[in-house]
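Student: All chains should be built: construct the whole structure from the sequences, respecting the hints.
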Amino acid sequence: MSKLTELAACVEAGNVNEVVGLTQAALDEGNAPLDVLNGGLVEPINVLGEKFRLGQIYVPELLVASKAMKKGVEIVKPLLVSGAADAAGKAIFATVAGDMHDIGKNLVVLLLESAGFEVIDLGMDVEPEDIVEAIQENEDVDILGMSAMLTTTMYAMQDTIEAIEEAGLRDKVKIMIGGAPVNQVFADQIGADGYSANAPLAVELAKKLMQEKNK
Amino acid sequence: MNVNMRPSFRGQGVSFLTREEMEQIHSCTLDILNDVGLEVQHKEAREKLKEAGCRVEKKRVYFPPTIVEWAINAAPSRILLYDRDGNFSMDVSGRNAYYGVGSAEPNIIDPFTGENRLCNEEDNKNCVKVADAMPYIDYMMSQCQVYDHPKTSYEHEYAAMIRYSSKPQVVITADLESTKNVVEMASVVRGSLDKLVQKPLFILYCEPTSPFVCTKESVEKVMYMAETGLPVLYAPIPMNGATGPITCAGSIIQANAECLAGLIIAEVTKPGAPFLYGAIITNMDLKSLQPTYASPETMMESLAMSEIGRELYRLPTWGTAGCTSSKLADEQAVLEGTQYITLAGFSGANVIHDVGYTQFGLAHSNELVVMMNDVIGRVRRLFDSINMSPDYLAMDDMKEVGPKGHFLGQDSTLRKNADHWESDLEDRNEYDRWLALGGKTMGQRANERVKDIIENGKLNSLPEELDAQIVAILDRIDAAEKETMK
Ligand code: B12
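Chains as they are written, first to last, in our numbering: chain A, 1 to 215; chain B, 1001 to 1486.
No lab work stands behind these hints, which were simulated from the structure alone.
Please read these numbers as outputs of a predicted model, since none were measured by experiment.
Cβ coordinates follow ideal geometry from the N, Cα and C atoms, glycine included.
Some clues are possibly wrong.
[As the list claims (entries may be wrong)] Reference excerpt, derived from the structure (chain A facing chain B, CB under 8 Å, subset only):
id, residue
1, Gly55
2, Tyr58
3, Val59
4, Met100
5, Ile103
6, Leu107
7, Thr151
8, Thr152
9, Ala180
10, Tyr195
11, Ser196
12, Ala199
Tutor: Quick look at the structure:
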């Protein structure tokens, strides 16, 4: 087995301890850093991401493998020409004001990160003005993701979108929303750019929004 | 005051921890409370806790064992609840098992169309009507979230309970303000706040945020109830693998620490504050990412909590049962609901909630309520256990009948047949008669029952003049809602 294949298998199996050594070995074997990144580190995560979406594996398998991937990326990154290991996109995530449910949001964030997105997580119970401020502070942000689990807090998403409009920032970010009580109809109603029902679909949605944004 | 319970509210024999194991959980919990502590997002509470002897660093509070054990002893071991008319209704203590519906589901499975859709005010009323008609549902709990009232949904849920049912309640509220609104409505019906404190009509539902956070809103509610002298519960919902450790024992220790933190806050606010102890501990399905709600692990963990509450702490306890992760009231729902109701009853949890909770809490099913009502009836009958009094030994009957006879004409058969459990939902007909009656499944009969109650049942309404006062309060709250929604 080539060291590159071994690395991919190691990431897929989530062997966090062996990743560093194997990444180095794959480079020493003469593989180009970009090939090590894509073939040895990113590809196995894509495979697991797909398996998770299809309900074939459990989420910790994906999350532990992502941890392993990140260790390898740290080694490869300095060797790449700048831009080659750039994030798939940059997002800000928050559970909206008044809402203390954050596990769903956390899971979406974790899956986005393993799909190569950079995510700034503002936590839960985040007021509209704090979200506006975060967008202002992060010039290069592409996406805002908001989560609400209560029928009593979902309207805070609307308030937030209005605050973003008032601040003149609406064109800067694509907005995606999610959480049990919200749906596509609600997303359209409040002027969000997308809704998805679960974390794997949220990753697809984020990718789609990135394409729209980069058009 | 008559608190002599009929024995059929009590069963025993189900237990998931030995006394020694409970002691071990307790000692691990003391360690966690002292070492990890909790984030308490309420300034005044932190000050009170500090005064009582807790170590406070910024928002983090560390609870020394002496304070934990002081609070456990300070809380009463019994809560009595009275119905809408002021009659004694529930003795929440020991092994008495009471069942209630619940809770706060955003969707309903429409009994007329089968559609899974958002709840409205009409559903809210109909759910109360159905649950009120169920003889074995002992108390009400907030059921349908009223989608049309995003800010005041909980007040609408409460108003429906108090207007259309006389059963005592467990109440969910959004925050301190909505808690006060609910207390106001209940006080109107009792006659005054003092009378409500003397004869509580409801227990307030509050919860920490696992892992290890007492949110401001939840602490405010606990402190308000304690100050007022009304009963409150503080039940964590750690999900194994996500917001709690993956193991049952680990999540029990965490939940115990979180629940006791609520107890301590209540007792330092006012020593002797009535507090209901317990938790829902449920593993997350790590494929769908949803809480399982009725897995075997969920049942063991959550019922172990009520055991600890009763056996070790002598506190009244919270419980869960009659709920399901299934998407509708199908075979899986009945399987999960039945097993949980039976185990919860026999393990001796006191205030067992969530009958009818479908889709791990995202939808309500009235059909499930009706079927689970039947299961509770069966469980109550099982609680009777075997009557060993002399005339139940039936010695005379056997001597009289002897070999080759029969017992059909015995006087005892005529009289004691009434002891036996019978249901108007289950079918015991022979095949042809069952077929002639339409050849229906139990689910179909439950659905017919629900529709019949909704269409033809009589509302158990409040006297007109009290009802008008509740409506006036609700109108005032709605007007304020409109103001803030502008
Ligand atoms: C765990 C839980 C809690 C925990 C939350 C802990 C935490 N750290 O998050 C605690 C105990 C704190 C809690 C509190 C309350 N809860 Co709660 N809670 C739940 C429960 C059981 C599970 C939620 C969960 O974590 N699910 C697992 C995650 C993974 O799923 P998810 O959040 O849906 O996320 C997925 C998708 O929605 C999507 N998604 C999520 N966010 C986003 C964002 C974007 C951008 C996208 C694209 C996708 C996306 O992807 C996720 C992964 O697949 C639900 C019932 C349920 N089954 O949903 C009730 C539930 C949401 N809670 C409810 C209630 C009533 C409350 C309280 C009001 C009760 C009270 N008064 O004390 C409080 C409110 C506190 C507050 N102000 O927020 C109701 C809500 C009813 C309603 N519609 O308003 C529910 C439905 C249960 C019920 N029937 O009672 N709760």
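Student: List in ascending order the numbers of the hints, as given earlier, that are violated by the structure.
Tutor: Hints 10 and 11 not satisfied by this model.
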